[in-house]
Amino acid sequence: MTGVEGYMYPNEIRLYWSVLIVLYPYITGLVAGAFILASLERIFRVEAVKPTYRLALLTAMAFLLDAPLPLLFHLGHPERAWEMYFTPHKTSAMAMFGYVYLWYLMAVLTFEIWLDYRRDIVLRSQQTKGILRVIYKIMTLGSSNISERALNIDERVGWLVTLIGIPSAFLLHGYVGFIFGSLKSNPWWDSPLMPVVFIFSAMVSGIAAVMLFYMLLTKMRHKTIDMRCVDAIAMYMFYIFIIDFSLEMLDLVHRIYEANESFRSLNFLVHTKLYFSQIILQILIGTITPLVLLFITQVVKLPEIARKRMYTVSGILALIGIFAMRWNVVIGGQLFSKSFLGYTSYKIHLVTREGLLVALGLTMLPLIFLWILLKLLPPWEDEGAHAPAAGD
Amino acid sequence: MNGFKDIEHLFRFAGLFVIAILVFLVVRGFIVPKSFGEYGHYRAAAIPQIAALPLHYAGHQACISCHSDIQAVKSKGMHAGVNCEACHGALEKHVLDPINVVPVKLNTAVLCVRCHAASAAKPKSFPQVNAAEHANGIACETCHNPHSPAIDAGGTK
Chain G
1 MTGVEGYMYP NEIRLYWSVL IVLYPYITGL VAGAFILASL ERIFRVEAVK
51 PTYRLALLTA MAFLLDAPLP LLFHLGHPER AWEMYFTPHK TSAMAMFGYV
101 YLWYLMAVLT FEIWLDYRRD IVLRSQQTKG ILRVIYKIMT LGSSNISERA
151 LNIDERVGWL VTLIGIPSAF LLHGYVGFIF GSLKSNPWWD SPLMPVVFIF
201 SAMVSGIAAV MLFYMLLTKM RHKTIDMRCV DAIAMYMFYI FIIDFSLEML
251 DLVHRIYEAN ESFRSLNFLV HTKLYFSQII LQILIGTITP LVLLFITQVV
301 KLPEIARKRM YTVSGILALI GIFAMRWNVV IGGQLFSKSF LGYTSYKIHL
351 VTREGLLVAL GLTMLPLIFL WILLKLLPPW EDEGAHAPAA GD
Chain D
1001 MNGFKDIEHL FRFAGLFVIA ILVFLVVRGF IVPKSFGEYG HYRAAAIPQI
1051 AALPLHYAGH QACISCHSDI QAVKSKGMHA GVNCEACHGA LEKHVLDPIN
1101 VVPVKLNTAV LCVRCHAASA AKPKSFPQVN AAEHANGIAC ETCHNPHSPA
1151 IDAGGTK
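Listed in order, the protein sequences are those of chains G and D.
FYI, our numbering numbers position 85 of the first sequence as 85, with every residue one higher than the one before it.
Plus 1000 on top of the position in the second sequence (first one is 1) and you've got our numbering.
Just so you know, these hints were derived from the structure itself, not from any lab.
Quick caveat: nothing in here was measured; it's all calculated off a predicted structure.
Taking CB as the label site, the calculated pair distances span:
1. D:V1027 / G:L72: 17 to 25 Å
2. G:P192 / D:A1118: 38 to 46 Å
3. G:K184 / D:P1033: 30 to 38 Å
4. G:M364 / D:L1096: 53 to 61 Å
5. D:I1070 / G:P192: 49 to 57 Å
6. D:V1027 / G:S246: 41 to 49 Å
In this text, a Cβ means the ideal position worked out from N, Cα and C, and glycines have one as well.
Pulled out of the complex, with its shape left as it was, chain G reads as follows (with noise of 0.2 Å):
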């Protein structure tokens, strides 16, 4: 048979779970990395990375908005998704989590940007004409009080909702850990420690991304980067990596140590059919390499040009590892044997329901999705919407 190698049981012949599997993960990972960022500067006070706020904010919307289409995608029936709401089943994690979805992206995501954005949704509603002007008026929900007191309220408010959705966003993407950590029927998953790895990652790359979003369009607007805010980003991001790193590591010393049945076949299937995306792309170029290089950034004291290279390839290659972790674990997963004596392969195809196209597709998406919130409610101070001047 084809791909197949020693024996796998008929059903474990065909990967049941495809790239798209893969990408879940890695953007609920983009969404809760990206609001631990904005929550940095919110929450802890992290006054240097005050630039990147509402562009995390932004990049966290964008990517919530993508995270469940991979799934409809994968579906045999999108429709039946519904079911998931309207008769959830109790024992269902997948259930549950519809719902954490729902309330990360209401009474979180939605609330937050709301409150941020009121007084510029405002001040838009009265300065603008045409369609604009109806979507500003239906997002300021009638209300135009931008009182400085308002205000001071929705300030503390969203303070609060900050300080609930740190722990949100870590339900969201420590759920996806879980869903993967509890199969117990699956040694390359079955792992307590599995979630925590999982949200570690996430912040790793939600960061990543942020700032590199941010240097790329600070670029494009031809606008000087804030050096003490990326400065800031790069420093959080190198520690974050570090914990990442370190319980993966302790991860697969556990694993080494404890030996267990699976041991001999997971061990070799990491030496052959995930040689090149577990060592050489997860470890070697997407940990190691970054790693490396920020560690460099924090020690030596390098010139402004050098600094901002070194960010922008940590950052790529970081997001690139971390798709890579995700990759290992989704597909890893299942390309071994419950009888531990057999192996089979995933052959990613072009342009089927959940083919490469679709894949690349639903990547660009929260691109696009970004874009649209970024014209909606551009995030930079400078571009802001002004009150009218007195007498106006």
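Once you've looked at the hints, dock chain D against the given chain G.
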């Protein structure tokens, strides 16, 4: 009253939430079938609908009511626990019209290896053969009686 004016917009957002929850509950009321959850996490009305579907399998008792001779052989052999229709296929139509609907004769060279082809996944105690080496294309029933396959237990040699 002025105090409320400054938090009125928050109530508007909360109102959106309440409306969304109400819409959800109304839609749920229409979409979820009335009998859902009566016995378990499924639609209770599905049970009589499924029961009304045409039958395909007649069941072991229907077979042995006519083929008691086969049952006598089968009950003494290793296949005693194998249902007749597991090999012969669904035969409800044959039970309803035994004269006109006659089951096709099975090709044992193909049929037997479905279960007895050698595989590492099967317990060692389960009889399994490499068909090409074991029979070289000869039908299994040449040596084994499918209803009681052990050769020393009355199979025709």
